[in-house]
Amino acid sequence: MLEHVNETIRWIPLLPLMGALVSGLWLIFARQELPRPLVIGLGCGAPMLSFALSVREVFRLATAFPAGERFFIDNLYTWISAGDFHAELSFLLDPLSAVMILVVTGVGSLIHIYSVGYMREDHRDDRGFQRFFCYLNLFTFAMLVLVLGDNLLVLFVGWEGVGLCSYLLIGFWYLDDHNAMCGQKAFIVNRIGDFGFLLGIFLLFWAFFEAGHPTIEFYAMREHVGLVAERTVTLPAWLGFLPGFPTWTLLTLAGLCLFVGACGKSAQLPLYVWLPDAMAGPTPVSALIHAATMVTAGVYMVCRLSFVYSLAPGASATIAWVGGLTAIFAATIAICQKDIKKILAYSTVSQLGYMFLAAGVGSYSAAMFHLMTHAFFKALLFLGAGAVIFGMQHEQNIEKMGGLRRYMPWTHWTFLIGVLAISGAPPLSGFFSKDEILLGVYAAHAMPGHMALWWIGLVTAGLTAFYMFRLYFLTFSGASRAPMQLQTRIREQPVVILMPLFLLAGLAIVGGLVGLPDAYGEALFSLPSSNSLHYFLDESVVSATHVVPPAREFALAGLAVLIAAGGAFFAVFLYYYRTDLVPRVTAALRPLYQLVWRKYYVDELYSLAVVRPLVRISDAFLYRTIDVRMIDRLGVDGTAGFVRGVADRGLKLVQTGLMQSYVFVMLLGSVLLIAYLVGGL
Amino acid sequence: MIPQIDIGALGPMLPVAVGAILLPLAEVLMARKRTFLSRPFTQERRGTFLAVASLLCLVIALIISVNGLLGPSRVFNSGNPMIVMDGVAHFLNIVVLLGASLTVLGSVKYLADIHSNHGEYYALLMSSVLGMMFLTSASNLMMLFLALELMSIPLYVLAGFRRSSLRSNESALKYFLIGSFASGILLYGMAILYGMTGSISLAEIGKRFDPESAPHLLGAALVVVGLGFKISSVPFHQWAPDVYEGAPTSVTGFMATTVKVAAFGALMRVLAVALEPAAELLYGALWVMAVLSMTLGNVMAIIQQNIKRMLAYSSIAHVGYLLVGVIVGTLDGYAAVLFYLLVYTFMTIGAFTVVAILAKGGEDRDRVEDLAGLSQSRPLMAVVMTLCMFALAGIPPTAGFMGKFHLFRAAIERGIEIGDTSLFWLAIIGVLNSAISLAYYLRVPLVMYFRDAPPTSDPDVPGFFERVVLLTCLAAVVLLGIVPDDIFNVLSQTAASAQHLLLLQSP
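Residue numbers (my numbering), protein chains in the order written: chain A, 1 to 681; chain B, 1001 to 1507.
These are computed hints drawn from the structure, not numbers from a lab. Just so it is clear, CB atoms sit at the ideal spot from N, CA and C, and this is done for glycine as well. Treat the hints with caution; some may be incorrect.
Unchecked claim - Chain B stretches covered by chain A per the calculated footprint, using a threshold of three residues with CB under 8 Å from any CB of chain A: (1) 1177-1185; (2) 1235-1245; (3) 1275-1284; (4) 1347-1359.
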């Protein structure tokens, strides 16, 4: 009988940490880089070892335990214990975190390898190569802590850790002011989310504390969540416009607060604005952090706390609607963008919206499934885009590309696979995961307006196919629009860059088979429960159950494919056959085009409504009035002035620098002490 | 009856004593050599050699101490014990040795920079460390006084180690004169205690002490004054800013940390064992001292422009926090003091090391404004300084937060247990004071990160040893904030074993 306690788990996050520490400390002490092969061996070796370990442990997890009892726990130590409350530093490997660590270490390792090729000629900063791998390893560590943490506190530590690494890596080329500003934008927007996230943690803990179970451990909370389900809070009168006023369940409130955090981290409306700017970082960073792993932390968190959300229908509906609206909103922006990485960034925002849509309607395993397949194909697309940018000498505008198929055939084929996968072409991975989401939305009868959400999902699928094929044709087909001297220098990338592309392309093709829907399994291979991922994950999440007859399921899938094909066909028509039509179409739709091209003026709106007033209030009121006039002048300077005044007159008599007076004060103190002790003063 | 002597109990002191004796010899022998390994044997290389040698002694002592902490308590002489090597002694010795090691590492380059690279520095340091180690383990009054003087006298010399600097000379002279005065008071108190109880053994005094009798209390009061001077608690604190400011920065870091560690060890032992019968009265007096130390220390720190003076007042405030744990008087309280002393050593030495590195070419640049733009020019130093400031202010998740948390928690728990509101108030005043302290602690990162460096500023690059110190302090400040809670239970047991032993040992 295998023990549930497994002390190997800790090494999965610790290996990358050791990699980061060794290279970081070396940089600090030696003030120069290690030899390149050593940097590469250390930087890539750590996540690869971690991946090997993850595969082994997940395999043991899946095979050694019967369904329903699959978890490993590794308790490092008790961090804080105060009365009945204990915060352990411990890691939990259950099906949910198993999927996450495989994605993080697997896709992460490939991206580390790719970075060797991508960063090799970067000379913007001496020691940059090793610094890059140091940060990348540190990120991998933080992300693994996030997904392996077995309580909210450890999760939060990882949550902040990945935020920090994201900031460091977005501003990696910090000598350029723009990059540093983008890093700060990401950090600040995330702080807004984290504020909500912390409030959510406190609320949840408070609820469990009052119910007599002061715990923040996921499994313990899940066990006792029934005790707090009925707990309500009364809203203040000025919130009277909210639905369900004046009493909400505490779980709804906590769930919403936590979701605010998820909105920040996973770039959902209205906090998505940092992600497109985060593309200022090196492309492997965009692939790893801002597509495959970190931005999915919000989705993971919602799935991890599915037991809360399943009891908080209001919060779930909010998640579904925010997710759905983000999906279609970002997809429309992606249509008009010209920067290859920005298009992929908006596409990421849109796909994350899909995941939240699924989580909101209770199809948590579908959300995780899409998270996984998205990690495959979006990492593939980003890395492909990186190869293109590299080949084009750091040109990112797709209007200046074109015809790259001839110059970079391998990159082109892998990119096409990524485009097909994200568009939902059967039988690639994206088809199955997107289908499961749409099916979940369709069948979620308990959710108000679930049919509207379903239509939103369908339209988004069409839009996705359209903008991805637009991107593909503008980049790879037709004649090259690059300057002549650049054209002669475009080359296919070396193996170290292509190899991760091939592997990811393979995953993007077959990755969907682990979640092959039962209806397909039954029809094709007569396997009644072929959706192994769903059954595996169902132990960790509290999924809503829905039953749709197979015939209806096939029909829905057919409809989705048709719509996607329609989008793709439209792109083929506009950007392949009749490229001459494009300017005419945009001219005809001028106002609409402008609106979308300027990203609905959201950044401008935020600047006008939030940033500038905030700066003005901060500067004129908070700084000049409150800080300078009141706190500084009255408070600090006042106190200091008072103290100084007293010091001038009184204390200076005492703190004179003259020893006689020091001795006098000491004597006085002694006399007082003696008087107190002996005389009972 | 011939008392049984256990020389092995002195194991941890041995390497330090050997170092203190042999280092001046080595200095003399080296002065003759012109070359070493066919390279010129410069003054600087001699200094490095001596530093490494003293580090070796300290590390050996450290290893023996750690072993001792894990093993059973030992007593130097049976019957009327003079030296008791129990858990508390070992733990405090470890803290002292760590502080001393960091000081040695931080001194190498600093001494060369201020042209005071004289070999006797390390010998003096080692003598002082030896005194501290005896002080933490002394269990009778004579031993206590000897250890105290052994600790203090080298420090008087070290404070004036920059012979050419007037400030340094002034600092040494002040420290010496006021120190002698305090020693006199302490000795007088000890004499009275001995006269009244007829014993110099702490345990024996504890048995015979009569809290009703005025002479007994007079002796107790004078002993508290003497030790209050060593920990620089208000109102016996006034020498500290002057002395800290004038002394060479590496010595200041040493004085601000290890001396307090050892003196707190002695204070806890005296209060818990010898003066235990008068505990209630004494705690009332200490309560006032704690509140005054915290408040005055923090308020005065706000108006300081010189970092060393600021840190001096901050250290006075920290004495106030530490006294909270002493006043609580439970095992949890003592354990909290032990933990806080460890944390305090790292965060203070980290801060002083940064200041020492900034002191370039002998010209101390130790105003807060001199840190401007450090985040740009020396990011590592800026990060260490920031974290040390956060830790001193008690911001989670640094070690400083954990330390204060345990101190105040112990106070509140004890307050609930015995229904004493004054302990609550102590905790509340402590927390309020932590808030006040933010005003000056946060000014340091503010200046480092948001002010541009003056064009002439070119801070020194930290040398290898200094980088080791900086990173050690950084790691300790972070790691001690997230260490397992168990360490606290272990410390609590350590305190328990010590108390147990001391009470048993009285004949």
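Now the hints, each set against the structure:
1. 1177-1185: holds (count 5)
2. 1235-1245: holds (count 6)
3. 1275-1284: holds (count 4)
4. 1347-1359: With 0 residues in contact (Cβ-Cβ under 8 Å with chain A), the coverage given for the stretch 1347-1359 of chain B is violated.
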